[in-house]
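Asks: Now for the letters of each chain:
Number of protein chains: 2
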Amino acid sequence: MKTITLTALFLISMFTMDKTLNVNSGQTDKEFNSPVVLVIHGGAGTILKSNMRPEIEKKYRDMLTSVLNQGMELLKEGKTSVDVVEQVIRMLEDSPLFNAGKGAVFNHEGKQEMDASLMDGKSLNAGAVAGVSNIKNPISAARLVMDNSEHVMLSGKGAEQFAKEQKLELVDPDYFYNEKRYIQLKNAIKRDNIQLDHDGEDGKQGGILPGQDDKFGTVGAVSLDKYGNLAAGTSTGGMTNKKYGRVGDSPLIGAGTYANNNSCAVSCTGHGEFFIRSVVAYDVSAIMQYQNKSIKEAADYVVNTKLKNIKGAGGLIALDAKGNVAMPFNTKGMYRGVIYQDGSLEVKIYDDE
Amino acid sequence: MKTITLTALFLISMFTMDKTLNVNSGQTDKEFNSPVVLVIHGGAGTILKSNMRPEIEKKYRDMLTSVLNQGMELLKEGKTSVDVVEQVIRMLEDSPLFNAGKGAVFNHEGKQEMDASLMDGKSLNAGAVAGVSNIKNPISAARLVMDNSEHVMLSGKGAEQFAKEQKLELVDPDYFYNEKRYIQLKNAIKRDNIQLDHDGEDGKQGGILPGQDDKFGTVGAVSLDKYGNLAAGTSTGGMTNKKYGRVGDSPLIGAGTYANNNSCAVSCTGHGEFFIRSVVAYDVSAIMQYQNKSIKEAADYVVNTKLKNIKGAGGLIALDAKGNVAMPFNTKGMYRGVIYQDGSLEVKIYDDE
Numbered sequence: 001m002k003t004i005t006l007t008a009l010f011l012i013s014m015f016t017m018d019k020t021l022n023v024n025s026g027q028t029d030k031e032f033n034s035p036v037v038l039v040i041h042g043g044a045g046t047i048l049k050s051n052m053r054p055e056i057e058k059k060y061r062d063m064l065t066s067v068l069n070q071g072m073e074l075l076k077e078g079k080t081s082v083d084v085v086e087q088v089i090r091m092l093e094d095s096p097l098f099n100a101g102k103g104a105v106f107n108h109e110g111k112q113e114m115d116a117s118l119m120d121g122k123s124l125n126a127g128a129v130a131g132v133s134n135i136k137n138p139i140s141a142a143r144l145v146m147d148n149s150e151h152v153m154l155s156g157k158g159a160e161q162f163a164k165e166q167k168l169e170l171v172d173p174d175y176f177y178n179e180k181r182y183i184q185l186k187n188a189i190k191r192d193n194i195q196l197d198h199d200g201e202d203g204k205q206g207g208i209l210p211g212q213d214d215k216f217g218t219v220g221a222v223s224l225d226k227y228g229n230l231a232a233g234t235s236t237g238g239m240t241n242k243k244y245g246r247v248g249d250s251p252l253i254g255a256g257t258y259a260n261n262n263s264c265a266v267s268c269t270g271h272g273e274f275f276i277r278s279v280v281a282y283d284v285s286a287i288m289q290y291q292n293k294s295i296k297e298a299a300d301y302v303v304n305t306k307l308k309n310i311k312g313a314g315g316l317i318a319l320d321a322k323g324n325v326a327m328p329f330n331t332k333g334m335y336r337g338v339i340y341q342d343g344s345l346e347v348k349i350y351d352d353e
Numbered sequence: 001m002k003t004i005t006l007t008a009l010f011l012i013s014m015f016t017m018d019k020t021l022n023v024n025s026g027q028t029d030k031e032f033n034s035p036v037v038l039v040i041h042g043g044a045g046t047i048l049k050s051n052m053r054p055e056i057e058k059k060y061r062d063m064l065t066s067v068l069n070q071g072m073e074l075l076k077e078g079k080t081s082v083d084v085v086e087q088v089i090r091m092l093e094d095s096p097l098f099n100a101g102k103g104a105v106f107n108h109e110g111k112q113e114m115d116a117s118l119m120d121g122k123s124l125n126a127g128a129v130a131g132v133s134n135i136k137n138p139i140s141a142a143r144l145v146m147d148n149s150e151h152v153m154l155s156g157k158g159a160e161q162f163a164k165e166q167k168l169e170l171v172d173p174d175y176f177y178n179e180k181r182y183i184q185l186k187n188a189i190k191r192d193n194i195q196l197d198h199d200g201e202d203g204k205q206g207g208i209l210p211g212q213d214d215k216f217g218t219v220g221a222v223s224l225d226k227y228g229n230l231a232a233g234t235s236t237g238g239m240t241n242k243k244y245g246r247v248g249d250s251p252l253i254g255a256g257t258y259a260n261n262n263s264c265a266v267s268c269t270g271h272g273e274f275f276i277r278s279v280v281a282y283d284v285s286a287i288m289q290y291q292n293k294s295i296k297e298a299a300d301y302v303v304n305t306k307l308k309n310i311k312g313a314g315g316l317i318a319l320d321a322k323g324n325v326a327m328p329f330n331t332k333g334m335y336r337g338v339i340y341q342d343g344s345l346e347v348k349i350y351d352d353e
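First to last, the protein sequences are chains A and B.
For the first sequence, the residue numbers in the working numbering are 1 to 353.
For the second sequence, the residue numbers in the working numbering are 1 to 353.
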């Protein structure tokens, strides 16, 4: 039996190798010293300085700074973009500050239902999980779907079964419990009874984290490694009080996440339905490839013209193969940061900084 | 109680009206007499004339012809593209010939797990369901997600709960039972024990429908109505023996389905993982919009160059707002057909017709 399993694993790995053949890089030796860059976000939304306590703001800035520094160390060690994106998203998932992994919001049934996706800009391989509840780090499940399955997207119990077979760390629902998030759920359920829209989520209600809009808070990362390869990843707990197995843009390749060495790597955050309908992440890539626009022009047009026209709130981070960065958003704020090879670093929250 | 329900329905419909505000058509009165066109597909794959019995071939051609004629009647009556796409996909779902609805294949656990999506090219609204097992017509569930929820995509038990609350027709698993599909599953499970790839599905094994590749068989439709509006829809039972809650391209807006009055309506069929990674449906639209290519150039480039380069097997149907049609595929065959306003009609199966 064990022999059969090992043979099967060998065949799977051969298949995976075939799947990951470089179809896309045109990579040469001289590119093995590409400048390395890492960009992360921790969600966009109604984040107002007037609602933010200084000690909370400091927590966010410190966390983003620490994650960027750790990610840059990995890039300098020669880790690939796919590895670094996975690792930094794990750090963000493990922090209760963000709506992903440990900080994930509660759905209507009072449990966490998380989504994540990852894409390799070199091979155009991708992996995603949707609606998982017992996986400590959904981004690592997405990575295993990409590396060790024939599929791109797995969902629900099936995705959890796959993660279990892959020996990924599973946790008890208690791991995700967070009193502030629970109060958010109770408030959201209360509001649902009297109104249909999602107004009044200004961060002042019910003891939720100041400045933390309970619709948003997705995390994401895009990276350029020394081999000149891009990768993008996104992870989220979705919307507080979400029902009916709702899937947002975060686990959808093309909508919430996209990477292609020939254009850019993109991770999105915002009101997912609008990002799906606008195929936002891929759209930035398409505008660059088909119209020869810069990453700044493409990303700005998608977020501040196309999304705005349909009232789609949110933002994205984007990085091209030369290390150019764009971080547009059309909300009051977006937790975001970038670090370059020389160690220079920017961490920002509000729209006026 | 009934009053409350009616009030809620009224509020939902007001909300839906607001959501469906025309953001995209630039429609004027003179366009209310657009030429109407309907295109459908019943899946692409290794469909060989040498494997096809004449009486089976006739069944497919008769069914596609009948669906096209019925759809054209609806368009001439003034039905919208969204309505017609939903209705003709229901007809294809109700037929055991195709891998959707009644003809859906069995997953690894021996049940049907179906996906569908629908997009309105006028409003850019969209709806989708993934992994549903007891809904007679998944395309109608996708329609209700679009019309009666704030969401684009619902999955699994949650999507079934939503369908139930929306009074959609639910059926017993027996409804989907089909001996030929069951034999396909048994064969696929047997093959999995000895091989990892999907070769040998040439339609001759185990009594499966001649010429019916068990990986493929998705159905789809794209329509142009007299108001000049496009819509696209796709429905599938996925892959025989699929595991782990695998989600393919069919329920993913941008990958399997996309519609936009400013470019085109697209429905895809094929090896879903490659269609997701290539964001195929939206890519056709992007090439038209950003490079001013014709629908034939854009669709052909995506299917016969981009997909082929990554060994992605399959095809698509596409229709622009002037009524131009493209139906490229890179497999041996694709069940497909188009009908124009004057009643002229084409139904084709193989690659050499």
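Each hint should be verified, as a subset may be incorrect.
In this list, chains with the same sequence are indistinguishable; a pair is considered to hold if it fits within one copy or across any two.
With a Cα cut of at most 20 Å, we get these calculated DMTMM-like pairs of lysine to aspartate or glutamate [stated by the list, open to error]: (1) LYS311 x ASP147; (2) LYS180 x ASP94; (3) LYS306 x GLU353; (4) LYS157 x GLU109; (5) LYS157 x GLU169; (6) LYS58 x ASP352; (7) LYS190 x GLU150; (8) LYS111 x GLU169; (9) LYS293 x GLU346; (10) LYS136 x ASP351; (11) LYS59 x GLU169; (12) LYS243 x GLU150; (13) LYS332 x ASP351; (14) LYS243 x ASP147; (15) LYS226 x ASP83; (16) LYS243 x GLU165.
The hints are simulated quantities; they were obtained by calculation from the structure and are not laboratory data.
Since this is a predicted model, take the numbers as computed values, not measurements.
Asks: Return the numbers of the hints above that this structure violates; sort them in rising order.
Replies: Of the numbered hints, 3, 9, 10, 11 do not hold.
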